[in-house]
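A.B. asks: Please take these sequences and the hints and turn them into a complete structure.
For the protein sequence lines, the chains are A and B, in the order given. Counting in this note's numbering, the first sequence tops out at residue 125, every number present. Counting in this note's numbering, the second sequence tops out at residue 229, every number present.
It should be emphasised that the hints constitute simulated quantities derived from the structure, not laboratory data. Since we're looking at a predicted model, the values are computed, not measured. Incorrect hints may have been included.
[To be verified] Not everything, but these chain B residues come out facing chain A in the computed CB check (under 8 Å):
(1) M12
(2) A13
(3) A15
(4) I16
(5) H56
(6) L104
(7) R106
(8) K139
(9) H141
(10) D144
[To be verified] Below, a list of computed lysine to aspartate or glutamate pairs in the EDC-like style, where the Cα atoms sit at most 16 Å apart:
(11) B:K194 x B:E160
(12) B:K3 x B:E25
(13) A:K40 x B:E90
(14) B:K92 x B:D175
(15) B:K194 x B:D144
(16) A:K91 x B:D81
(17) B:K208 x B:D144
(18) B:K103 x B:E18
(19) B:K103 x A:E31
(20) A:K98 x B:D198
(21) B:K103 x A:D30
(22) B:K92 x B:E59
(23) A:K56 x A:D106
(24) B:K207 x B:D153
(25) B:K208 x B:E220
(26) B:K195 x B:D175
(27) B:K151 x B:E174
(28) A:K48 x B:D209
(29) A:K42 x A:D30
(30) A:K53 x A:D119
(31) B:K103 x A:D36
(32) B:K172 x B:E149
(33) A:K40 x B:D11
(34) A:K53 x B:D11
(35) B:K208 x B:E149
(36) A:K42 x B:E18
(37) A:K104 x A:E50
(38) B:K23 x A:D36
(39) B:K208 x B:E160
(40) A:K65 x A:D30
Glycine residues also receive a C-beta, built at the ideal position from the N, C-alpha and C atoms.
Okay, here's what each chain looks like letter by letter:
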Amino acid sequence: MGANFIISLNVSIFISNNNSYMKPNLNYLDEISNNDPVFKEKLIAIIKREFPKEKKEFSSNYDKKKYHLAAQNVHKLKHKINILGLREGFKTAVNFEKELNINKFDSGHDFIVILNLIDNYLKEI
Amino acid sequence: MLKCIIIDDEDMARAIIENYCSKLEHLLVIGQFTNALEAIQFINNNDVHLIFLDIHMPELNGFDFIDSLNNPPNTILTTSDANLALNAFEYKSIIDYLVKPIKLPRFIKAVTKIGHTNKPTHSISNNEMYVNINRRLIKIHLPDIYLIEAKGDYINIKTETKNHIVHTTLKKIEDKLPNSLFLKIHRSFIINLKKIVDIEDNSVLIKKDVVPVSRSNRPELMNRLNLLN
Chain A
1 MGANFIISLN VSIFISNNNS YMKPNLNYLD EISNNDPVFK EKLIAIIKRE FPKEKKEFSS
61 NYDKKKYHLA AQNVHKLKHK INILGLREGF KTAVNFEKEL NINKFDSGHD FIVILNLIDN
121 YLKEI
Chain B
1 MLKCIIIDDE DMARAIIENY CSKLEHLLVI GQFTNALEAI QFINNNDVHL IFLDIHMPEL
61 NGFDFIDSLN NPPNTILTTS DANLALNAFE YKSIIDYLVK PIKLPRFIKA VTKIGHTNKP
121 THSISNNEMY VNINRRLIKI HLPDIYLIEA KGDYINIKTE TKNHIVHTTL KKIEDKLPNS
181 LFLKIHRSFI INLKKIVDIE DNSVLIKKDV VPVSRSNRPE LMNRLNLLN
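C.D. replies: As structure tokens, then:
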């Protein structure tokens, strides 16, 4: 299943049809930063810088069927998914990482939708 | 003052740990690295008391990194995988295991373990052992093991019913097995003494496997047998 097709899905429709995927939030970052606004901004800046690179790298490896490398990308991305409060999304990432290592892709669709959710969210904040 | 380094290929993870270290007066971050290979050189040339180490990294993972050090400093593992914790028990230098995203109270708890001996030493109790295989902890009944064979970076644990391939070394598992039951008879083999069928010259028949006995291990093997003559 190619990544390009999935990326074109309408994310907002997906959210309305599946309540298990919440909107990303900064609750974890508030806790980690202990409400230190400077540190919180620094973390947000890092996410905004790192996430698109990691997503792009994942999409490239996934499209090229380099699934072991894609699994490593998912591993890194899942930390950010967790930090942005997407607990169900984190579970999806955990499953997808396992699947990629055995050339299975059942969670691929949901995972890419999550990436797109985060992408949109990071443009808003 | 504890001199620390942080090894993680994620900027985000390093920033969080660095911030937490800055909140504790006795911690000083003297280096940050995005891969373990760079850190090896730094450790060889500097006095490092504590490492915050990510497990999943390109080129060299956290466990391989520790294996590469002659005398690894105290290490706190950081990872997004809770299920690799059991592997950490095999390393004396690892004092704690933090699952990302790491929160400050848990971080402080881990750091305060330095100097204490809170770490469980192994994962074997009584007659059972748990091994991590494909991220599942599999229980093995020790008396069921008849042979353990080294296979490069892995060992093959052979039991009555099944073989288990585990990412560890023969030395590590040897240290944890009860001496009363198991003996290393060759650099690549540990046997269960109760499963021996016969011994011939420099080999042992154990179940259907013929296992070599090294010259240096043969006297100990003969001592452990209940010889009639």
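A.B. asks: For every hint, state whether the structure bears it out.
C.D. replies: Verification of the supplied hints:
1. M12: Holds: closest Cβ of chain A sits about 5 Å from B:M12, inside 8 Å.
2. A13: holds, 7 Å
3. A15: With a minimum Cβ separation of about 6 Å from chain A (threshold 8 Å), the hint on B:A15 holds.
4. I16: B:I16 check passes; min Cβ-Cβ to chain A is 6 Å, inside 8 Å.
5. H56: holds, 5 Å
6. L104: This interface hint holds because 7 Å falls under the 8 Å limit.
7. R106: violated, 11 Å
8. K139: violated, 21 Å
9. H141: Where the cut-off is 8 Å and the nearest Cβ of chain A is about 27 Å from B:H141, the hint is violated.
10. D144: violated, 28 Å
11. B:K194 x B:E160: holds, 13 Å
12. B:K3 x B:E25: Judged against 16 Å, a Cα distance of about 11 Å means the pair holds.
13. A:K40 x B:E90: violated, 36 Å
14. B:K92 x B:D175: holds, 12 Å
15. B:K194 x B:D144: Within the cut-off at roughly 10 Å; holds.
16. A:K91 x B:D81: holds, 11 Å
17. B:K208 x B:D144: holds, 15 Å
18. B:K103 x B:E18: Holds, at roughly 13 Å.
19. B:K103 x A:E31: holds, 8 Å
20. A:K98 x B:D198: violated, 44 Å
21. B:K103 x A:D30: Holds. B:K103 to A:D30 sits at ~11 Å (cutoff 16 Å).
22. B:K92 x B:E59: violated, 23 Å
23. A:K56 x A:D106: Measuring from Cα to Cα gives roughly 20 Å; hence the hint is violated.
24. B:K207 x B:D153: With Cα atoms ~25 Å apart, B:K207 and B:D153 exceed 16 Å; violated.
25. B:K208 x B:E220: Not satisfied, since the Cα-Cα distance of roughly 23 Å exceeds 16 Å.
26. B:K195 x B:D175: Distance of about 20 Å is beyond 16 Å: violated.
27. B:K151 x B:E174: Given pair B:K151, B:E174 holds - Cα atoms ~15 Å apart, limit 16 Å.
28. A:K48 x B:D209: violated, 58 Å
29. A:K42 x A:D30: Answer holds: A:K42 to A:D30 is near 12 Å, not above 16 Å.
30. A:K53 x A:D119: holds, 11 Å
31. B:K103 x A:D36: Measuring from Cα to Cα gives roughly 14 Å; hence the hint holds.
32. B:K172 x B:E149: At roughly 13 Å apart (the allowed maximum being 16 Å), B:E149 and B:K172 satisfy the hint.
33. A:K40 x B:D11: holds, 14 Å
34. A:K53 x B:D11: holds, 12 Å
35. B:K208 x B:E149: Judged against 16 Å, a Cα distance of about 14 Å means the pair holds.
36. A:K42 x B:E18: At roughly 12 Å apart (the allowed maximum being 16 Å), B:E18 and A:K42 satisfy the hint.
37. A:K104 x A:E50: Violated. A:K104 to A:E50 sits at ~26 Å, over the 16 Å cutoff.
38. B:K23 x A:D36: Cα-Cα ~12 Å, so holds.
39. B:K208 x B:E160: With Cα atoms ~11 Å apart, B:K208 and B:E160 stay inside 16 Å; holds.
40. A:K65 x A:D30: violated, 37 Å
The earlier numbered hints that this structure contradicts are 7, 8, 9, 10, 13, 20, 22, 23, 24, 25, 26, 28, 37 and 40.
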